[in-house]
Every structure is written in structure tokens, then in C-alpha cells.
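Colleague: Chain by chain, the residues run as shown.
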Amino acid sequence: MPALLVFVFVLSLVVQQFELLDPYIQLIIMYVGINIILTLSLNLINGYMGEFSVGHAGFMAIGAYVASFLTVKVFPADMAAWLFPLAVIAGGAAAGVIGLVVAFPSFKTRGDYLAIVTLAFGMIVKSVIENIDALGGPRGFLGMEKLSTLPWVFFWVLLSVWVIRNLIYSNFGRGVLSIREDEIASDLMSVNTNHVKVLAFTVSSFFAGVAGALFAHLLQFINPRAFDIIKSTDILIMVYLGGIGSIAGSVIGATVYTVLLEVLRPMGIWRMVFMPLVLVLLMIFRPKGIMGLREFRWFVPVRDLFASRLWREKRVGT
Amino acid sequence: MSVLTAHNVTHYFDGLAAVSEFSLNIEPYELVGIIGPNGAGKTTIFNLITGVYKATRGNILFGEIEIVGKTPSQITSLGIARTFQNIRLFKELTVLDNVRIAHYAMVRYNPIEALLHVGRFQKEEEAIIGHSMDLLAFLKLDTYADELSKNLPYGLQRRLEIARALATRPKLLLLDEPAAGMNPNEVTQLMEFIQWIRKEFNLTILLIEHQMHLVMNICERLLVLDFGETIAEGEPREIQNNPRVLEVYLGEVQC
Chain A
105 MPALLVFVFV LSLVVQQFEL LDPYIQLIIM YVGINIILTL SLNLINGYMG
155 EFSVGHAGFM AIGAYVASFL TVKVFPADMA AWLFPLAVIA GGAAAGVIGL
205 VVAFPSFKTR GDYLAIVTLA FGMIVKSVIE NIDALGGPRG FLGMEKLSTL
255 PWVFFWVLLS VWVIRNLIYS NFGRGVLSIR EDEIASDLMS VNTNHVKVLA
305 FTVSSFFAGV AGALFAHLLQ FINPRAFDII KSTDILIMVY LGGIGSIAGS
355 VIGATVYTVL LEVLRPMGIW RMVFMPLVLV LLMIFRPKGI MGLREFRWFV
405 PVRDLFASRL WREKRVGT
Chain B
1220 MSVLTAHNVT HYFDGLAAVS EFSLNIEPYE LVGIIGPNGA GKTTIFNLIT
1270 GVYKATRGNI LFGEIEIVGK TPSQITSLGI ARTFQNIRLF KELTVLDNVR
1320 IAHYAMVRYN PIEALLHVGR FQKEEEAIIG HSMDLLAFLK LDTYADELSK
1370 NLPYGLQRRL EIARALATRP KLLLLDEPAA GMNPNEVTQL MEFIQWIRKE
1420 FNLTILLIEH QMHLVMNICE RLLVLDFGET IAEGEPREIQ NNPRVLEVYL
1470 GEVQC
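Chain order of the listed sequences is A and B. If you're matching positions, the first sequence starts at 105 in the numbering used here and goes up one per residue. If you're matching positions, the second sequence starts at 1220 in the numbering used here and goes up one per residue.
The set of hints was computed from the structure by calculation and includes no laboratory data. Note that the structure is predicted; figures quoted are calculated from it, not measured. Check each hint, because a few of them may be wrong.
[Said to hold, decoys possible] 20 Å max Cα-Cα, derived EDC-like pairs, lysine to aspartate or glutamate:
(1) Lys1310/B <-> Glu285/A
(2) Lys392/A <-> Glu1311/B
(3) Lys1273/B <-> Glu1285/B
(4) Lys212/A <-> Glu287/A
(5) Lys1359/B <-> Glu417/A
(6) Lys177/A <-> Asp126/A
(7) Lys1369/B <-> Glu285/A
(8) Lys1418/B <-> Asp1353/B
(9) Lys1390/B <-> Glu1285/B
(10) Lys250/A <-> Asp126/A
(11) Lys1273/B <-> Asp1233/B
(12) Lys418/A <-> Asp1361/B
(13) Lys418/A <-> Asp1353/B
(14) Lys418/A <-> Glu1285/B
(15) Lys1369/B <-> Asp237/A
(16) Lys1342/B <-> Glu417/A
(17) Lys177/A <-> Glu234/A
(18) Lys1342/B <-> Asp408/A
(19) Lys1359/B <-> Glu1343/B
(20) Lys418/A <-> Asp408/A
(21) Lys1310/B <-> Asp408/A
(22) Lys1390/B <-> Glu1246/B
(23) Lys418/A <-> Glu1345/B
(24) Lys1310/B <-> Glu399/A
(25) Lys1369/B <-> Glu234/A
(26) Lys1369/B <-> Glu287/A
(27) Lys1273/B <-> Glu1283/B
(28) Lys1359/B <-> Glu1283/B
(29) Lys1310/B <-> Asp286/A
(30) Lys250/A <-> Glu123/A
(31) Lys1310/B <-> Glu1345/B
(32) Lys1289/B <-> Glu287/A
(33) Lys418/A <-> Glu1343/B
(34) Lys212/A <-> Glu123/A
(35) Lys1310/B <-> Glu287/A
(36) Lys1390/B <-> Asp1353/B
(37) Lys1342/B <-> Glu1332/B
(38) Lys250/A <-> Asp182/A
(39) Lys1273/B <-> Glu287/A
Work out the full structure: start from the sequences and follow the hints.
Modeller: Structure follows, in C-alpha cells:
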């Protein structure tokens, strides 16, 4: 498995270097990668924790604007390419800090009511950016170099999958799952639900911010409208298409949705009739999404996958 | 020293007294039962002890620690665990995960170690799996470790709830109608089971139950509640002949 990942990484470097792939195809692959990060990060809140956040584009916007501001206005122009990872991390961190704040209403509210809170949050982010002149206001912000490359996107996808998998298969991750199953029982089984929520929201918004930063440096132009409710809905669709509570589902959901939208481009305006129809049919025939609550084995740590079997073997051994 | 001391605990729901002037003193290793008609406030008392509700008035001491105002997770970490009247397992999770979750407070590794799976993480996770599986094996549930808990038969779900509660290492165990939905045969087995875990885990037990057969046989002391008030307290035999209790259960005695 690690060998395969290294191979793909090297491949992405080679493709990048020698332009083996059509730039358009490369662009689509990078969109798929960015959408995987977004889907995973929202799946942590909506799928694994069972809350309902609809303001995820807000976190993405924070990451995008912070990172872009750094590479365009703060970092020296000739160093921007080298300092790009730093900008991405800064974008993620800024979104993470805001995510931490948004976690607080979730202590008291949940379900539909928390959805309203996150919706309001998304609106606030959009209108704040629209009113900051240094960020271009409603006109948008440009001047970024095209710093998001295949290897970088691949790296961040890998990191987000790894970190979110690690979180899920830890004490805190089991806390996240137990909140989805029964929050009161979870609290009564000694889970500090407030800590768990803060951690989940922070990690989730960090990666949404990272995705935003990559997105901004791929498109080289961002404006507040790019991060409105429609964008949040797109991420929601990818989560529920792929399946809640599943890393494999997030990867599949993001890939299928992004690629399908591109493939259907010749349909023109009918694309937006066809796609929703696909979703309606999917919800009727597979209400839990493609991979709902199921996981591919290679996303599960060996210790968890074979927990009971390893324990039995050890017991027989002694 | 008493395990649990409740002193004049009163709880209102919008002006309606669900529990009034409730007092209780439980000594170590005692097995105390609470009985009473539906709506008498029995489960409310469990919710007050475990921190789901905050008592309007009064104190509850666990050992010497005041627990009114603490959160449920804090109270559980101190050593009070409970089961629920209508089973509240984590349905879509495996039996093993249900028990592992109850180890939450014992973990010492921090979120960074968890996100990177480094440091104390590996060792503690293995210890949690070990403890959980040992406990499941002890309660004869280990063969179901990888099943989703919602797929277990009813009786085993009840037992898993007790296993999950025991995983938090309680000193005081609260059982909310453990025999609900069981036939007489199963109730007899349950009585033996309760006495057995009390001995094995050195537990103090407080239980709510409707099945008189069970409470009369295993409880050393009973409390009778009606409309939030304690109307009688004493050994099962005394309770059985208490005129007020008979009135509540059988209607007014007319002569």
C-alpha cells in the first residue's frame, strides 16, 4: 500500500513535469482531489457525528482568502511558490480557529437548529468578505499564481484521508460516532461530548480551509459568490451520494459527482436537470448513499479491523 | 462511609414536582430497590443522580463529593454508571465499540497523538481492546464482538448494556428496569446475574423494577415512591405489609 502511494505520487510529479496529460484532464483530477478533501471534512460532521452543517463553504472561503492574501500581498513574489505550503496551512488554521468557535452553539443545539446556525455562519462569512475592500469586496480577489499542482493536491488528499481516518479510529472518533448514535447515552458513558465536538469541528474546518486554499490557487480567482449556499449544497450532495460515515464513500462520492458533472457538460443546461434526477433516484434506491456506514478494508487500521481476532490469538498463545 | 447520600432532593418540571424531598442513603455493597407506579418519579431520580437533570433543590453526595451541577460524563467518571429503561445502545456500532466507548475517560493520550497515531496512542488503544474483550468474555459476549449491537437478541442487548456500564469501572451501578420484557425464567437468571456481578465487581447497586418477584428476592432494602414522594422505606418484608404501599398498588382498602 505505501509503495503504491509513493508510486502514484511520483507519477503525479512526472505528469506535472512533462505534461503527459491534457491540462484539462489535469484540472479535473485536481478538482476531484479538492472535492475529496471537502467531502471528507463535511462527512466528519454530518456523517460520522450525525450533526447537520450547511455552512461548509464558509470555512472553505476563509481558507481560500487567507491563503490568497498571503501569497499575493504578504509573501515576496519570488518566494510565493516555496511558501505555498505555509499559505495552505495558514488558510486551514484560520478556518480551524473559526470552526472551533462555531462548535460552541453545537453544545446546546443540534439537528435542524444547528443547521440554521451553520447557515447563518455561511452568510456572515460571505457578507464580511464582500465588505472588506482589501480583499476586493464583491469584485473578488485575483493575482494568485497557479500554485496548486497535481503533486500538492495529491499530498493534501492523502494527508486529509490519513488524519481523518486516524481521528475516527481513536478514542475521540468513537466519541464522535457515539454522539451520532445517542448523545445522552454517550455523555452517560463518560464521553466528554463538548471536547469531542470542538475537536471534530476544528479538524473538519481545517481541511475545508485547506481545500479552499488549493481551490483559490487552482482557479487563480475567487469571489464571495463562489462560496455561497450553492457551494455548501454541492458538498452536501457529494457526502450523501458517496455515503455517510465512510472514507471510501467520500472518495467515491466526490469523484463520481465531479466527473459526472464534467462528462455531462455537452448536455448544456439539461445537465442541471439530469444530475438532480440521478440524486433523487439514488436516494430512492440507495437511501444511505453508495457506501453508507460501510468502509473499504484498507481504510481501517489493522488493529481495529482484527481487534477481536488478535485478542483471541493472543489469549490462545498464553 | 456511605456510597451515595441524597438529601431533600426536589425537582420541578415547569412547576410540577416530579420528585419532592427525596432522601436516600446507600451503604457500600448494598442492593437497594426503588419501586412505585408509573410516573412516580423513579427514572427522574436516576436522571438526577447521573446529572441528566440538575436538581432544583437539595444535595446529592457521592462519597464526599457533591455531584449536583456536574455533567453526566463527569459523574460517570467519578464512578456511577447506569443502564436505561428502554435500551440505549449505540445501535449501528459493534458490540466491541459499544464497550470501548465506555473507556473514554481512561484515555490519557491527547488529540494530537490521536490524529497522528503516535506516542501513548498505540499502547493505550491495545490496552482498551484488551480490557473490553476481557470484559465481554467475562459476561459471555465475546463471540458477538464484531456484530452490530442492534442485531443482538433482546436479552443479550440488556446484558451488553450492563457490560458497557461496567466498562466505566463504576462503584455504584444504577439499573433501570433490568427485567423489563423478560419472562419468569429469564428473570430468575437475571437475579443470579445481578448478584454475581455485584460480587465480582464489588458493586453497590440501586435498581428500579416493576417485577415484585425480583425486588422482593434480591433487594436488601426498598423505597416506594408515589407522585414523587417517598411513601415507605424498609426491608422487603416490611414493605409487603405496609398499608400505604398496598393502597398505592391495590387501590384503597375498603371495609
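Colleague: Give a verdict on every hint.
Modeller: Structure-based check of each hint:
1. Lys1310/B <-> Glu285/A: holds (7 Å)
2. Lys392/A <-> Glu1311/B: Roughly 13 Å separates the two Cα atoms, so the pair holds.
3. Lys1273/B <-> Glu1285/B: holds (12 Å)
4. Lys212/A <-> Glu287/A: With a Cα-Cα distance of about 11 Å, the restraint between lysine 212/A and glutamate 287/A holds, given a limit of 20 Å.
5. Lys1359/B <-> Glu417/A: The hint holds at about 17 Å.
6. Lys177/A <-> Asp126/A: violated (31 Å)
7. Lys1369/B <-> Glu285/A: holds (11 Å)
8. Lys1418/B <-> Asp1353/B: Judged against 20 Å, a Cα distance of about 17 Å means the pair holds.
9. Lys1390/B <-> Glu1285/B: Holds, at roughly 16 Å.
10. Lys250/A <-> Asp126/A: holds (16 Å)
11. Lys1273/B <-> Asp1233/B: Distance of about 13 Å is within 20 Å: holds.
12. Lys418/A <-> Asp1361/B: Holds: lysine 418/A and aspartate 1361/B sit about 14 Å apart, inside 20 Å.
13. Lys418/A <-> Asp1353/B: holds (12 Å)
14. Lys418/A <-> Glu1285/B: violated (43 Å)
15. Lys1369/B <-> Asp237/A: The given pair, whose Cα atoms are some 55 Å apart, is violated under the 20 Å limit.
16. Lys1342/B <-> Glu417/A: Holds, at roughly 18 Å.
17. Lys177/A <-> Glu234/A: holds (18 Å)
18. Lys1342/B <-> Asp408/A: Status holds; Cα separation ~13 Å.
19. Lys1359/B <-> Glu1343/B: violated (24 Å)
20. Lys418/A <-> Asp408/A: holds (15 Å)
21. Lys1310/B <-> Asp408/A: Cα-Cα ~18 Å, so holds.
22. Lys1390/B <-> Glu1246/B: holds (11 Å)
23. Lys418/A <-> Glu1345/B: This hinted pair holds, its Cα atoms lying about 12 Å apart.
24. Lys1310/B <-> Glu399/A: holds (17 Å)
25. Lys1369/B <-> Glu234/A: violated (49 Å)
26. Lys1369/B <-> Glu287/A: Status holds; Cα separation ~17 Å.
27. Lys1273/B <-> Glu1283/B: Between lysine 1273/B and glutamate 1283/B the Cα gap is close to 18 Å, so the pair holds against 20 Å.
28. Lys1359/B <-> Glu1283/B: violated (35 Å)
29. Lys1310/B <-> Asp286/A: OK: lysine 1310/B and aspartate 286/A at ~9 Å, within 20 Å.
30. Lys250/A <-> Glu123/A: Status holds; Cα separation ~15 Å.
31. Lys1310/B <-> Glu1345/B: violated (24 Å)
32. Lys1289/B <-> Glu287/A: Distance of about 17 Å is within 20 Å: holds.
33. Lys418/A <-> Glu1343/B: holds (17 Å)
34. Lys212/A <-> Glu123/A: Status violated; Cα separation ~52 Å.
35. Lys1310/B <-> Glu287/A: Measuring from Cα to Cα gives roughly 12 Å; hence the hint holds.
36. Lys1390/B <-> Asp1353/B: Since the Cα atoms of lysine 1390/B and aspartate 1353/B sit roughly 19 Å apart, the hinted pair holds (cutoff 20 Å).
37. Lys1342/B <-> Glu1332/B: This hinted pair holds, its Cα atoms lying about 12 Å apart.
38. Lys250/A <-> Asp182/A: Within the cut-off at roughly 13 Å; holds.
39. Lys1273/B <-> Glu287/A: Holds, because 17 Å separates the two Cα atoms, which is no more than 20 Å.
Comparing the model with each earlier hint shows violations of hints 6, 14, 15, 19, 25, 28, 31, 34; every other hint is respected.
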